[in-house]
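*Asks:* Listed below, chain by chain, are the residues.
Number of protein chains: 4
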Amino acid sequence: MVSKIKHIGIFTSGGDAPGMNAALFAVAKTAESYGIKLSGIRRGFEGLIDNDLIPLNSRQLQRIMHLGGTLLKTARSDRFMTALGQQKALRTVQKNNLDALIAIGGDGTFRGMLSLANIGNTPFIGIPGTIDNDITGTDYTLGFDSAVNTAIKCIDNIRDTAESHNRVFLVEVMGRDSGYIGIYSGLSCGADSILIPESDEDITYLLNKIKNYDSEDAFIVVVAEGDALRVEEVMSQIRNVNPHIELRVAKLGHIQRGGNPSAQDRMLGIRLGVLATTALIEGESGKIAGFCNNKPSLSPFEGLVKKHLINTELKDLLTLFCG
Amino acid sequence: MVSKIKHIGIFTSGGDAPGMNAALFAVAKTAESYGIKLSGIRRGFEGLIDNDLIPLNSRQLQRIMHLGGTLLKTARSDRFMTALGQQKALRTVQKNNLDALIAIGGDGTFRGMLSLANIGNTPFIGIPGTIDNDITGTDYTLGFDSAVNTAIKCIDNIRDTAESHNRVFLVEVMGRDSGYIGIYSGLSCGADSILIPESDEDITYLLNKIKNYDSEDAFIVVVAEGDALRVEEVMSQIRNVNPHIELRVAKLGHIQRGGNPSAQDRMLGIRLGVLATTALIEGESGKIAGFCNNKPSLSPFEGLVKKHLINTELKDLLTLFCG
Amino acid sequence: MVSKIKHIGIFTSGGDAPGMNAALFAVAKTAESYGIKLSGIRRGFEGLIDNDLIPLNSRQLQRIMHLGGTLLKTARSDRFMTALGQQKALRTVQKNNLDALIAIGGDGTFRGMLSLANIGNTPFIGIPGTIDNDITGTDYTLGFDSAVNTAIKCIDNIRDTAESHNRVFLVEVMGRDSGYIGIYSGLSCGADSILIPESDEDITYLLNKIKNYDSEDAFIVVVAEGDALRVEEVMSQIRNVNPHIELRVAKLGHIQRGGNPSAQDRMLGIRLGVLATTALIEGESGKIAGFCNNKPSLSPFEGLVKKHLINTELKDLLTLFCG
Amino acid sequence: MVSKIKHIGIFTSGGDAPGMNAALFAVAKTAESYGIKLSGIRRGFEGLIDNDLIPLNSRQLQRIMHLGGTLLKTARSDRFMTALGQQKALRTVQKNNLDALIAIGGDGTFRGMLSLANIGNTPFIGIPGTIDNDITGTDYTLGFDSAVNTAIKCIDNIRDTAESHNRVFLVEVMGRDSGYIGIYSGLSCGADSILIPESDEDITYLLNKIKNYDSEDAFIVVVAEGDALRVEEVMSQIRNVNPHIELRVAKLGHIQRGGNPSAQDRMLGIRLGVLATTALIEGESGKIAGFCNNKPSLSPFEGLVKKHLINTELKDLLTLFCG
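Protein chains in written order, with UniProt numbering: chain Z, 1 to 323; chain E, 1 to 323; chain R, 1 to 323; chain L, 1 to 323.
Keep in mind that the hints were calculated from the coordinates and are not lab data. Any given hint might turn out to be false.
Said to hold, decoys possible - For lysine to any residue, the following SDA-like pairs were computed, each having C-alpha atoms within a straight-line distance of at most 20 Å:
no., chain 1, residue 1, chain 2, residue 2
1, R, Lys-209, L, Ser-33
2, E, Lys-209, Z, Gly-35
3, E, Lys-211, E, Leu-320
4, R, Lys-37, R, Ser-3
5, L, Lys-251, E, Glu-232
6, R, Lys-209, R, Thr-319
7, R, Lys-295, L, Leu-309
8, R, Lys-209, L, Ser-58
9, L, Lys-4, L, Thr-122
10, R, Lys-295, L, Ser-297
11, L, Lys-209, R, Ser-58
12, E, Lys-295, Z, Asp-316
13, R, Lys-295, L, Thr-136
14, R, Lys-209, L, Gln-60
15, L, Lys-251, E, Arg-230
Work out the full structure, taking the sequences as your base and the hints as a guide.
*Replies:* Okay, here's the thing in structure tokens:
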């Protein structure tokens, strides 16, 4: 098949997520198989503004596709929020004869791509890369599974010490406004309680359970960072119903962003990288490359960039295991 | 909801798989929420024949749900292949007033359940637990994701030494007749070549690639144990096309069966355990509790117990990355 | 050899540390080889006060010796600080005919043993079990190496995201008043700066380095929790010399206490368990079972329970790598 | 201090070992602090013969010091066994004005350095880098601790499946003629039996134990690859004394060579790198940079390059735990 695309530019933007390097590798491999040149733009929109490009090839990426982080580095860009920044970005696209763009990032990244599309007419595809799993158009975002696997290893460690002391632990996990990392890691570690933004009953469940906590065992509470109640408020509410409890807090923080990607995220990065590249070659644009119902699938950009809700099945599990 | 089921028996059978303890935990939690008694049958059909039962409760299982292996132990049973064995198994069911059974295992386990169903009339549900991902009725079997994650950690290690020496490695992974572990772990590690039972071209791809191998880099071949060509034959074919190559072999073996389950397998064990238990309560029987298109789903037993084929999407990835 | 000791009691006290189960296994194995009965006292001095004993045997411990935490559970005991508590503890020793005691814990534990020795005359040996490495009489305490290995895996993860964003991270590690975990994990991860209680120049090194930080790379600061400057103070001092720096903080916390022990801690637990048991059999008492200069070695208790200082060699490494 | 050394060449040779990159980082950091230029020689003696040099600096090495393998790659060199090869190597040293050399490798590497010293007069220091721990002049070689930690994770996995099936496993670990990896990993995993080259009774212990094995539990045998009895012979001897045993074999192989180095190996690499560089600066030559009795220490080369024996303490542990 003959494609009008001779040169693709790719960048990673927003928070880094494990699996981004695997996606870069897959894009390079696919582009090469079609004789398409691939350039990497460094530091997301910042590099697009500053014309900071490097050539990419699959052999070099093959050696690092299993590593966390992103070879292209990433950034949040205030300058791109301005008309001037977007003009400069557009000039970079034109100066380098980029026929198409692939952006790996979260909702902010995709909004940026839409703004760029409004002033230019370069075809582009977005790959949802964020540990938060808060993008529609895919069942799982790139990096989510790795972040959950990192979180459960940490919580398993905490279980060891919690059980040795019969202690109550509050473990805060990442996810911004999304409870996905919270509910997945909490259920996966047999947490006694899980607090997520998408549930209101969860705190009631917790207080009912811990009211009668007898210090005869460990008690682990997983709190999603986006929950309405911050960890400190949860602590004081717990103390209200059971004053004698000794509480310990662990905020897992940024370690959830790093580490070698899990098998699922490497496969996802590969699948989405291949899908994004072939979609551009087939003339698609303004789509998100996702994985839905266990199949690669393209979805239109517009309206997609909203919160990915915890569904009923997961809420029922929350009630069953923590209610 | 009132269910006629007052007592459920559960066992794990065939090869153990990470996530089995998580499934046991979920079944116990669900049964308790319905006031149903749960008994564990030890060593699969062997324990059913020998009336080797233990009581199970969710609090005890909560502490070990994150560990590999199976608390109930597992076994392959020749005695159950006989009419006498099956009669004894049936007697155990009756003697203990087991109103329903949940079996966690592979196709052999499910064939056994069908035989038992032919002589008794105890409702039963099967949970596909095997690292091989070779059961239909579910997109992923319990233990598969953990086995792949263990395999990729090993292959990442091998990459370190392969690149330090610019060496060619043949890595044999498990999967019996299925190439799933092979293709997932191979793609996830940027393998140069992957040999699976479901492909005939793969060996041609390998020989074409390695013919011109210049010893300037690592070269990693992942071989699924079920591939028509055994590792030794692959080695001799490689030597035929490129006599100067120094080959190293690594057979990952049983380490792929153990270790703490991955997040995906813990979630899968929880989901399938809940689904199997509620299905029995709702009067279902002779079904497999699976996870398809990102949703829990029941499928009829009959005809299901056949090989789970590598689909076109995966074969295309194989051609793109190793062709 | 005939020993007057027929029954040994063992307990873990203070903070739990990976390797405690390996030590229990080794004590059981050694005691059995001499036909000595072994009882486990649960929850440290609390169980000694409450007469909470369980029988221990090596076969059961062999299966869990590789797991983190402590089978006997552990606790800090206020009651044991009182004369009444110590009398009750002594009564438990007498009632159960315990001929000798082995205590696994930190300096607080050992002070407690000395108090008990003042009122009773039961022979006892202490095994230094704490992740902080702040006990003399051994080059490394039980759990230290595991905690450092957990810390470096976390810091490696943080490096992935720090380099993807060219960010400055402050990582707080455990160690109470000791900088051992800080200096070992910091050096092992190529930290740009390490702040430990034992050094005064370290903050000067940090400020000199970061004054000219150009945001062209990651910059990782490891802060030992016992350092005079709390993380928050360090942040404000950094902002004083370089106001434009975006800082991120990660407090590793209790995950450093858990997880399966490292090989070194399993070997150390085995070695100290064997040494403590044989020492009691040979009539020793009031000693610490340690590992010094790569050999098992007993040291008298008195005066030993003081801080384990960072030596010159380590301070020189700090200056070379972070100065 | 003023040193006559202005330019150091460093290479890694023989089998790669985790921690080599940490040693390179430490050498670069130390050299820079003295204003000394550092060049890396690629592929060991091969690169010395082929004049394959690259500049090294600490900032670049800081980012990869935590990774397995070796940035400089490594090789075994037949050409260096010849007078011609050694002449070419010497010419590379002279052509590049290398005032001193640091070689990281095993006994073969050190013998090579002695040959080179016989024809040239370039000062050199050796750093013992091998997972086998078979070099004298240091208590632990670089890579040993990482290999043991990899081995125990694998054996822990095997324990999961062995206990689920009550199976007997033979696990072969690396170590060439040395039983160090075998005895450390075996003891650390609670192996029932350990076979190492340094012991003759070990097979008797095994056969006595397994004679009465009742299939009521797992039974794990760790076999060092250098043991007089190959795994296959051990299997047949086991079958002789207990014909009904179902045996499983796992050869861990090259995965023990790779992976990110453990904390101990990173610290060791740092310490030996600093020691080797400062030793050269202080005018030392023909020494091994080692770590003995918990201190960095230099030892003369001659006669050192012989087997590192398992001492009595370890043999007594073998008898106690497996006898």
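*Asks:* Against each hint, give a clear statement of whether it holds in the structure.
*Replies:* Evaluated hints:
1. R:Lys-209 / L:Ser-33: holds (15 Å)
2. E:Lys-209 / Z:Gly-35: holds (19 Å)
3. E:Lys-211 / E:Leu-320: holds (18 Å)
4. R:Lys-37 / R:Ser-3: Satisfied, since the Cα-Cα distance of roughly 12 Å is no more than 20 Å.
5. L:Lys-251 / E:Glu-232: With a Cα-Cα distance of about 16 Å, the restraint between Lys-251 (chain L) and Glu-232 (chain E) holds, given a limit of 20 Å.
6. R:Lys-209 / R:Thr-319: Cα-Cα ~12 Å, so holds.
7. R:Lys-295 / L:Leu-309: Distance ~15 Å between Lys-295 (chain R) and Leu-309 (chain L) Cα, so the pair holds.
8. R:Lys-209 / L:Ser-58: Holds - the C-alpha atoms of Ser-58 (chain L) and Lys-209 (chain R) are around 15 Å apart, at most 20 Å.
9. L:Lys-4 / L:Thr-122: Given pair Lys-4 (chain L), Thr-122 (chain L) holds - Cα atoms ~12 Å apart, limit 20 Å.
10. R:Lys-295 / L:Ser-297: holds (17 Å)
11. L:Lys-209 / R:Ser-58: Distance ~15 Å between Lys-209 (chain L) and Ser-58 (chain R) Cα, so the pair holds.
12. E:Lys-295 / Z:Asp-316: holds (13 Å)
13. R:Lys-295 / L:Thr-136: Holds - the C-alpha atoms of Thr-136 (chain L) and Lys-295 (chain R) are around 16 Å apart, at most 20 Å.
14. R:Lys-209 / L:Gln-60: Holds, because 17 Å separates the two Cα atoms, which is no more than 20 Å.
15. L:Lys-251 / E:Arg-230: holds (17 Å)
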